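Now for the letters of each chain:
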Amino acid sequence: MRSSRPLGSLVVSLCLLGVTPLGASAQLTSPCELGCAAVLGATGFTAATGALVARGRSTGGVSSVNEVIGIWGGSFLVFVGSGVALSGNGERQERAVYSAGLGALAGSALWLGIESVLPASNSSRKVAASIMGAAAGAVVGGIYGAVTYERPESRGGATFAVQIPF
Amino acid sequence: MRFPCFLVAPALAGLAACTAEQVRYEPLASLPPLEAPVDATLYLVGDGGEVNDDRAAVLEHLSADVESVARHGAGPPVVVAFLGDNIYDEGAPEVSTEEDVEKLAGQVLALSRAPNVQGVFVPGNHDWADGASLEDGREAIARQREWVERMAEGRDVRFLPDDGCPGPATEDIGDVVHLVFIDTEWLLRAPDARCGTAAEFYERLADDLRANRDRPVVMLSHHPLVSGGPHGGHVAPLDRGPLVYYLAVKSGVLRQDLGSRAYTAMRRGIHDAIAASGAPPLVHAAGHDHTLQIIRMGGAGDPRYQLVSGALAKTENAKRVRGTRFASNGFGYMRLDFVGTEVRVSVLARAPEGGPVRAVFACTITPASPSTECPEAPLAERGR
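Keeping their order, the protein sequence lines are chains A and B. According to my numbering, the first sequence is numbered sequentially starting from 1. According to my numbering, the second sequence is numbered sequentially starting from 1.
The set of hints was computed from the structure by calculation and includes no laboratory data. Misleading hints may appear alongside valid ones.
[To be verified] With a straight-line Cα cutoff of 20 Å, these simulated SDA-like cross-link-like pairs (lysine to any residue) come out:
no.: 1; chain 1: A; residue 1: K126; chain 2: B; residue 2: L243
no.: 2; chain 1: A; residue 1: K126; chain 2: B; residue 2: V244
no.: 3; chain 1: A; residue 1: K126; chain 2: A; residue 2: L112
no.: 4; chain 1: A; residue 1: K126; chain 2: A; residue 2: I143
no.: 5; chain 1: A; residue 1: K126; chain 2: B; residue 2: Y246
no.: 6; chain 1: A; residue 1: K126; chain 2: B; residue 2: R267
All figures in this text were calculated on a predicted structure; none of them were measured in a lab.
Full structure from sequences and hints, please.
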């Protein structure tokens, strides 16, 4: 993820033998821009809140503000930091981030569905299940997206690119 | 990566616009006079551990009200129950300031020295040094008990349950009413070897209710069993802080909210004890949510009414929930007058913006006749 590109710089990517539209567009634009950043922030928020909910529901409940800040803040930093750490490869990062977003949606729906059919369910448990499912889905989706990424050359796509900042 | 502020700002503005609405009722014109002599009066005051002008106004009114009933000993017995969170934020600290002392002293000194007036302080979560360890919390409870005794200066004032254990501690107002005081914060923190198990407590509670089935019973604790206030999960996004707080409340993450696992277990334990006794209490009185609410319960294992009176020094909005008879976000207290076979419940409050303390709601309950209900106050046209 290129978080702060110097003003006045220009990226020129030259693609030769680009065979897939996804591959070509990914190299012609900065991969993780507004939408991607928003998804990373939202999934980071979801994952951190899920960690807090998991902690609260697995114990009697969280009882101090410091505990909330520690659990939520720490989880948010770890999740978003992991996303930022992938910025060495924008295409991979984008794939991981969007996979995390899709995983969050799927996880939330799945856990909510399971919780809804349990006999002892109540509204708090359903909200908790939905948030924890989203968090689990975001983590699994993000890891899956990053691990299953294939470099363009291994797909037979771009063979040459150059970036000229000025 | 540029942060997409243009997406976030409208979303935050939209969320901020959603606030938990306060249900609004038509105000009571005046408190109707009682038709028979009062046998006993119980005042319910809660969450007063902060020094501010609203508390001072309510305490002044309460003090005069108590005096007018007690009539220097010539009146009926009067009990004033302070329902916890008597000292914000962390109870009675080891090294105290003048302000810490004043938080409690203002409440103790509002009580009359008349021989027929008794004050009882019940511990709340903040009195247990909010969020501290069991041992630190218990030390804070012991200190507050000592402070209460020291400040009494000729007043009949107690701290119940007084040992950092759940109780139940009981008091009778003659043959009129049986009071059961419970330290619910202990129950949220159980198990604790020093006080036995929660199951043993629930057994004692069931035994006590069973033994007093022939007269009205009022259970008193800091934590309510049901509430239309924030601790009951009735908050709106960004109502009390960041969105994370809202989600934490809604998912039952915070121990002090009714939806948390510990709180749910406590509610179930009390419910089962009441059901096992076969003698549901007339009223469960509590604070915790900074509101004034009268809620009809009455299911198997429930008290007939939940009264939430936690608005001595702080206020928050209360929503209308199932069984709500009245709810207010004003500063104030409640008063129960036991008259023959009936109990009149009155709510005395001042508006959140200020003004005089006055009666805003009253209804009558007949303990021996569960079918006679406290009717809901008429809803105001706006603010439903």
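Self-check item: Numbers of the earlier hints that this structure fails to satisfy, in rising order
Solution: Hint check: 4 fails alone, others pass.
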